[in-house]
Amino acid sequence: MNVINITMPPLRDRKEDIPLLTKYFIKKYNERENKRIKGISPDVEDGFYQYHWPGNIRELENVIERAITLTNEAIIPLHVILPFVKKAGGHDMFWDELLSLPYKEARKKSLDAFNIKYVKNVLNKNNGNVTNAAKEIEIERQYLQRILKKYNIKSGQTK
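Residue numbers for the sequence shown follow UniProt numbering, so the first one is 1 and each next one is one higher.
One or more of the hints may lead you astray.
[Claimed, not checked] Simulated restraints, written as ranges between beta carbons of each label pair: (1) Pro42 to Arg146: 15 to 25 Å; (2) Leu99 to Met8: 45 to 55 Å; (3) Pro10 to Asn121: 40 to 50 Å; (4) Asp13 to Arg141: 41 to 51 Å; (5) Met8 to Thr131: 18 to 28 Å; (6) Ser41 to Lys117: 20 to 30 Å.
In short, the hints are calculated from the structure, not lab data. Remember, predicted model here, so these are calculated numbers, not experimental data. Just so it is clear, CB atoms sit at the ideal spot from N, CA and C, and this is done for glycine as well.
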């Protein structure tokens, strides 16, 4: 049996594929999450072209999946994408963006990102059980439910 070896250049060498792949992944995860996100903001698109994509297409897909899970906005904004990508030089794009914002806005965005990540992690460790997760982080279950509602986190979808 012959094996055919197909070599495909990395995404960083095929930047022209990014818009089409982005649209495809948005459609895919819109259907899964039952959302109606239309696209990405121009600054996200610019960032995607500048990014080096070490994880290739799979990394792009993961970034889009996470963004769709975390936002209810029609157009995915930059602050939703930033926690998931790094600049080619290794600097965290999230911090670069935060440091360019007014203090109150930067504080809110960083706190929101922390809350989402922390709560999802605790829920994941507790197999989506809100009562057990609340006990672990020593808050009332009702308060945790308000956090889940605020950030549109579903206890069964924590990854």
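We went through each hint and held it up to the structure:
The supplied range of 15 to 25 Å is broken by Pro42 and Arg146, whose beta-carbon atoms lie about 34 Å from each other. For the pair Leu99 and Met8, the supplied restraint of 45 to 55 Å is violated, since their beta-carbon distance comes to about 37 Å. For Pro10 paired with Asn121, a C-beta distance near 30 Å fails the hint of 40 to 50 Å. At roughly 50 Å, the beta-carbon separation of Asp13 and Arg141 lies within the given 41 to 51 Å, and the hint holds.
Range check, Met8 to Thr131: about 47 Å between beta-carbon atoms, so the 18 to 28 Å window is missed. Judged by the Cβ atoms, the range 20 to 30 Å given for Ser41 and Lys117 holds: they are separated by roughly 21 Å.
The structure fails to meet hints 1, 2, 3 and 5 from the earlier list, while all remaining hints are met.
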